[in-house]
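Colleague: Residues per chain, in single letters:
There are 2 protein chains.
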Amino acid sequence: MAPRRRIGEFELISRYFAPLARTFAGAGGLESDNAYLPADGRHDIAVKTDTIVSGVHFLDGESPERVAAKALRVCLSDLAAGGAVPFVYQLSLALPKEWQERWVASFARGLAADQRRYGIVLCGGDTVVTPGPLTITITAFGQVPRGKGLGRGGARAGDDLWASGTIGDAALGLRAARGALEAIGARDRNFLENRYQLPRPRTSLGNHLIGIARAAADVSDGLLADVGHIAKASQLAVHVERDQVPLSTAARHALAVEPALWADVLGGGDDYELVIAVPPRRAEALREAARQARVKVTRIGRFQDGRGVRLTVGGRATAISRTGYVHF
Amino acid sequence: MAPRRRIGEFELISRYFAPLARTFAGAGGLESDNAYLPADGRHDIAVKTDTIVSGVHFLDGESPERVAAKALRVCLSDLAAGGAVPFVYQLSLALPKEWQERWVASFARGLAADQRRYGIVLCGGDTVVTPGPLTITITAFGQVPRGKGLGRGGARAGDDLWASGTIGDAALGLRAARGALEAIGARDRNFLENRYQLPRPRTSLGNHLIGIARAAADVSDGLLADVGHIAKASQLAVHVERDQVPLSTAARHALAVEPALWADVLGGGDDYELVIAVPPRRAEALREAARQARVKVTRIGRFQDGRGVRLTVGGRATAISRTGYVHF
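Chains as they are written, first to last, in my numbering: chain A, 2 to 329; chain B, 2 to 329.
Treat the hints with care, since some could be wrong.
Because identical chains cannot be distinguished in the list, a pair is counted as satisfied if it fits within a single copy or across any two copies.
[Unchecked claim] SDA-like cross-link-like pairs, simulated, lysine to any residue; straight-line CA separation at most 25 Å:
#1 Lys98 x Leu175
#2 Lys98 x Glu10
#3 Lys297 x Glu12
#4 Lys149 x Phe88
#5 Lys149 x Asp41
#6 Lys98 x Gly268
#7 Lys233 x Arg188
#8 Lys297 x Val130
#9 Lys149 x Arg317
#10 Lys98 x Arg282
#11 Lys98 x Ser205
#12 Lys149 x Val122
#13 Lys98 x Arg16
#14 Lys98 x Val57
#15 Lys98 x Ile53
#16 Lys233 x Arg253
#17 Lys98 x Gly309
#18 Lys149 x Ala19
#19 Lys98 x Ala19
#20 Lys98 x His58
#21 Lys98 x Pro134
#22 Lys297 x Asn195
#23 Lys149 x Gly315
#24 Lys233 x Asp41
#25 Lys98 x Glu63
#26 Lys98 x Leu60
To be clear, the hints were calculated from the coordinates, so they are not data collected in a lab. Remember, it's a predicted structure, so these values are computed and weren't measured experimentally.
This is chain A alone, in the form it adopts within the complex (with noise of 0.2 Å):
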């Protein structure tokens, strides 16, 4: 969003935030998605902050109910990506001053219903009026096994490249609710919308991954700018076969009719999936998991040597343009 001549979010935290967070080992160098904080003997606090602003990251007359699950969501997400179970969080309120009760009301309806479905409570926070558009940030909180929290760094070359779920279904819904794809029908389209809408994050799969993946994120700027995260923080490069990711019924129809929104698919982002490092030999016990996390995983890809994200469609390497990288 920020125009070309200014720097993007990542080179902003390396330039200016990273070196503020240097001397604390739990904070990876803010290469990843949670921080660790060392708690008990047997346990990590895994911590993450999410901000999401009205008519930016959500739309302006979005119910509150699913504000509340979209603020709570996408911080549950990069827990899971951790591999932490969540147990409490913190919630910041910038209500615009036109704020009414009743959609505070229904707001903590939604975060109750999702304190239910995930198992957490909220635990402070603050309130504030502002001039701007409603403003909410999440500071959610889960524990790991002391010193296991995944970060993206970690993963080995040999490792494989596997996603949770199916890929691109968010980006092809955000399309659907712009009007487009209209080629496919209205049950397609309502299913890709809602998984623009609403993540789901893969919390049962999370908690699985210690002592099965080296290093995960979850999908939240975009396929191939996630596992090229992974590879940057883990030195190496990644590969992925474009055939191999796992798309969703409604997305292999969108695609059928028009092969170009590969690039929707591969690049966008928002789809709170797990794309997760893992050595050959545990492949098995991450099929287990998965079983158990009734979440499907399919293996994409795999680390090597080197640097970058290398796309292979058909067996043949492709260029690869739109990485997704900067997402502001």
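Since the structure of chain A is already known, use the hints to place chain B on it.
Modeller: Chain B alone, transformed into the frame defined by chain A:
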């Protein structure tokens, strides 16, 4: 700031958010400054989130270094009230569309200076762009001995009420910044303005309060409001002797010219001093802790059976016209 027909912040929290925190003991019913997460066998992690918005909590043209300091210090003040030693923080930065890299560079320098001053380190966060004003949310973390973190509840009848430093400077400083208080000298006005613009959280005193205080809060909403919060959470009344309230020389000068400013001194916020409930037998321990921390402490009242805040002036009970209970 809200129109009167609407409920205030405390009612909003007690009606909609406190029920969401009921099952987590460390949330303290959202009645205290901090949440406490169980950490190792010897410590809890104190957590505090605060949001500040440009044009609401600081002026639009404020220097980035000062904005950074203010954002951090309002949280550190709460941790101090909890008796916690701060160690890391998360930063969520919602930048206005027209953000400039040099602003971020100065802001990061401000954070770095306070990291050195308070012994804290950045451990994560989020960066987004907003169509609204610059909005900063800090979640700060501190360590407290297990189960010993202070809250607003816990005071007992007969406990003395103490205050750190001097009270009312920030409210008078706001007036001075708006061009009032011309009758006092420029030096006094500068002192007061500075107290308004830059909180100096009493972290050095805070971590000595464990084992001495039964409850504490920082003065952010105003002296009478904040001691009222302790009284309410402790199910007690609190009696404040106005003539014992510690004043700076500049505040004395202002009050000599315009005694009506007492309403500001007792009702205005943003002093970021501590108000502390201490059993009389621990008075000497508090004084010794204050000496070590190089912070002045003054006994200004007492907790009693009953409800509410009682103010005496020259030994006579006085009606409280302005309590500052509602701050938005």
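Colleague: How would you label the pair Lys98, His58 (within, between, both, or neither) given a Cα cut-off of 25 Å?
Modeller: both (19 Å within a copy, 14 Å between copies)
Colleague: Check Lys233 against Asp41 for me: Cα-Cα at most 25 Å, and say if that holds within a copy, between copies, both or neither.
Modeller: For Lys233 and Asp41, neither the intra-copy (31 Å) nor the inter-copy (33 Å) Cα distance is at most 25 Å.
Colleague: At most 25 Å between alpha carbons: which applies to Lys297 and Glu12, within, between, both or neither?
Modeller: Result: close neither inside a copy nor across copies, 34 Å intra and 45 Å inter.
Colleague: Have a look at Lys98 and Gly268 and pick one of within, between, both or neither, based on CA distance no larger than 25 Å.
Modeller: Only across copies: Lys98 and Gly268 sit 24 Å apart there, 36 Å inside one copy, limit 25 Å.
Colleague: For the identical chains here, do Lys98 and Glu63 meet the 25 Å Cα criterion within one copy, between copies, both, or neither?
Modeller: Both: 18 Å inside a chain and 22 Å across chains, each within 25 Å.
Colleague: Checking an output row: Lys149 and Val122, CA cutoff 25 Å. Within, between, both or neither?
Modeller: So Lys149 and Val122 pass the 25 Å test inside a copy (24 Å) and across (21 Å) alike.
Colleague: One pair to classify: Lys233 and Arg188, alpha carbons no more than 25 Å apart. Within, between, both, or neither?
Modeller: Classified as neither; 39 Å inside a copy, 55 Å across copies.
Colleague: Regarding Lys149 and Asp41, is the shortest C-alpha distance of 25 Å or less found within a copy, between copies, in both, or in neither?
Modeller: The answer is both: 13 Å in one copy and 16 Å across copies each meet 25 Å.
Colleague: Check Lys98 against Glu10 for me: Cα-Cα at most 25 Å, and say if that holds within a copy, between copies, both or neither.
Modeller: between (29 Å within a copy, 13 Å between copies)
Colleague: Please work out whether the CA atoms of Lys98 and Ile53 approach to 25 Å or closer within one copy, between two copies, in both situations, or in neither?
Modeller: Both ways: Lys98 and Ile53 sit 17 Å apart in one copy and 15 Å across, limit 25 Å.
Colleague: Please sort Lys297 with Val130 into within, between, both or neither, judging by C-alpha distance up to 25 Å.
Modeller: Neither. Shortest intra-copy (43 Å) and inter-copy (34 Å) distances fail the 25 Å Cα cut-off.
Colleague: If the cut is 25 Å between Cα atoms, do Lys98 and Val57 qualify within a copy, between copies, both or neither?
Modeller: both (18 Å within a copy, 11 Å between copies)
Violated hints, in rising order: 3, 7, 8, 9, 10, 11, 16, 17, 23, 24; the structure is consistent with all others.
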